[in-house]
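Colleague: As you go down the protein sequences, you meet chains A and B in turn. Using the working numbering, the first residue of the first sequence is number 1, and each one after it goes up by one. Using the working numbering, the first residue of the second sequence is number 1001, and each one after it goes up by one.
Any given hint could turn out to be false.
Claimed, not checked - Label-pair restraints from in silico Cβ distances: (1) Gln1040(B) with Glu139(A): 43 to 53 Å; (2) Glu141(A) with Ser1212(B): 53 to 63 Å; (3) Ala138(A) with Ser1097(B): 31 to 41 Å; (4) Glu139(A) with Ser1212(B): 47 to 57 Å; (5) Ser28(A) with Arg1035(B): 48 to 58 Å; (6) Glu1034(B) with Ile42(A): 51 to 61 Å; (7) Glu139(A) with Ser1225(B): 44 to 54 Å; (8) Gln182(A) with Gln1040(B): 53 to 63 Å; (9) Arg1035(B) with Arg175(A): 50 to 60 Å; (10) Leu1290(B) with Arg175(A): 27 to 37 Å; (11) Leu1183(B) with Asn142(A): 41 to 51 Å.
Unchecked claim - Partial list, computed: chain A residues near chain B (C-beta under 7 Å): (12) Val166; (13) Glu180; (14) Asp183; (15) Gln196.
Quick caveat, the hints were computed from the structure, so don't treat them as lab data. Small disclaimer: the values here were computed from a predicted structure and weren't measured. Backbone N, C-alpha and C define an ideal beta-carbon position, used for all residues, glycine too.
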Amino acid sequence: MQCKEVEAVLEQEGFSPLPAAARAHVVSCLACKSLVADLGSIVAAARELPAELEPPARVWVSLRAQLESEGIIKLPAVAERGRASWWQGFADLFQSRALATATVGLLIVAGAILQMKLPATHSNPSPNPFAETARTLAEQENGLANVQLASNSVVDTSLRQNLTAVDDFIADCERRVQAEPQDELTREYLTGAYRQKAVLLSAMMERGGSGN
Amino acid sequence: MNVQGKKHIILTVLGTGIMLWLSAPARASNERIERHFAVQGRPVVVIQNMGDGRIEVKSSKNAEVVVSGTRASDKISIDMEQAGDRIDVNTTVIDASAQLSERQANLQLTVPEETELQLKTQTGLIYVEQVTGDMTLESIAGDIHLKEVSGYIIVTTTGGSLVCTQCAGKLKFESVSGSAQILQPGLTNVNLHTTTGNILFDGDFVRTGLYSMKSGKGLVEVRFSGNDSFDLNAQTATGTVDNQAAAFLKPDSHGVKHLASKFTKGLFGTVGQGLAKVELSSYSGTIRILKRD
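All chains, full assembly: derive it from the sequences and hints.
Modeller: If you want it as structure tokens, here you go:
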């Protein structure tokens, strides 16, 4: 057996028991003998250590903050999880900003296609092509109550104020679209406002979960 | 005053002084760190400030990125790393119980003149001066001030406002309630959208440039010069168009017949030869068109 093969055996199988061929090589090879002796010292020293070391609290806090910021874990919602509905599962899925924005984007595109398919001379008021988008966002906003931002920090206050501003603007645009379904400029603004609302809700959910 | 009274005053003053002295270390725990990163080409600097605080970026002729940071407490960390010409700086709140005043981390950077930036912050000001390169700047409530920067600049805020002075290249701004002021620009492509904020464009329109400025509820104001050359399309759904430069606006000279929507109010016109294209719109805000003196 060669030195490299002994190293491979040590890597894969550890110390005990070394195969006979390896033991024979170690006896005759000074380098391998020294390597095995060093490893033996390390293992012995490791066995002297206490079975469990209690890491400082700040390590756990830091680790938790990091895991939360990466979305690997989330803080448990304040409300009763036990009675989580099917919607809660959907809301959890929606917590990814990219997914939320993409979903709303798809709904907006679907609404626009639906609107384009409507005849231009439609005499009755058109059904709101954004109804599905509006409903999804409203449910999303209601679901946000479970991860409500408790902080009065500048950031959380700003997010809440801007959500209110966007909601007001959406309501204004929706009234106008209801009255003038063919008003393309208003619809363009309404689409933009829905998109901004989706981004805001996602940001609020992320903050609600991260504690930052 | 008797001796007893004097003693009482001295003791009170001393006691107050000792109390202040004891409380001082907790408040004045600002820690400063500085690191130098040698770079070869055009570096990419990525900053994510999850605490509160200011990010300031200026340029120098040196082929290095210098990052100086101060943190208000040990409840927030400032981590930096280099991978080739990419420098990453992250500030993270490591103690969730940290008070607002303990979450502050300010960063000052000196970068080569040609540097790409990707900066993300929560509340503090982002200030960038004399940097050339593409930049993506994101903030929730913090303002963003740019001076003499050029490149493809993308700014996204929730409530923060943008002030862009002597900027060149392309600019995209998106905000819910933030305002945008574009002053003395050399921009060839501008796309500004805010839902409730105001927009001010005070400067020249570059020939062949494309300019789109939209505000849902805010004021959109454009101040152009007599030497400018652009086609103008200003439309509002329920707001008003305040044209204070009617004498300089001619009917479109390119032979294109513009049909105004019956649902909007607005105007079409041309200044000079109409070489640039300017589109202004609002939902309910005022659009104001002015010529500078």
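Colleague: Indicate, hint by hint, whether the structure satisfies it.
Modeller: Hints, one by one, checked against the model:
no. : hint                                  : result
1   : Gln1040(B) with Glu139(A): 43 to 53 Å : holds, 52 Å
2   : Glu141(A) with Ser1212(B): 53 to 63 Å : violated, 30 Å
3   : Ala138(A) with Ser1097(B): 31 to 41 Å : holds, 34 Å
4   : Glu139(A) with Ser1212(B): 47 to 57 Å : violated, 33 Å
5   : Ser28(A) with Arg1035(B): 48 to 58 Å  : holds, 51 Å
6   : Glu1034(B) with Ile42(A): 51 to 61 Å  : violated, 38 Å
7   : Glu139(A) with Ser1225(B): 44 to 54 Å : holds, 51 Å
8   : Gln182(A) with Gln1040(B): 53 to 63 Å : holds, 58 Å
9   : Arg1035(B) with Arg175(A): 50 to 60 Å : holds, 55 Å
10  : Leu1290(B) with Arg175(A): 27 to 37 Å : holds, 32 Å
11  : Leu1183(B) with Asn142(A): 41 to 51 Å : holds, 43 Å
12  : Val166                                : holds, 6 Å
13  : Glu180                                : holds, 5 Å
14  : Asp183                                : holds, 4 Å
15  : Gln196                                : holds, 5 Å
When each numbered hint is compared with the structure, violations occur for hints 2, 4 and 6.
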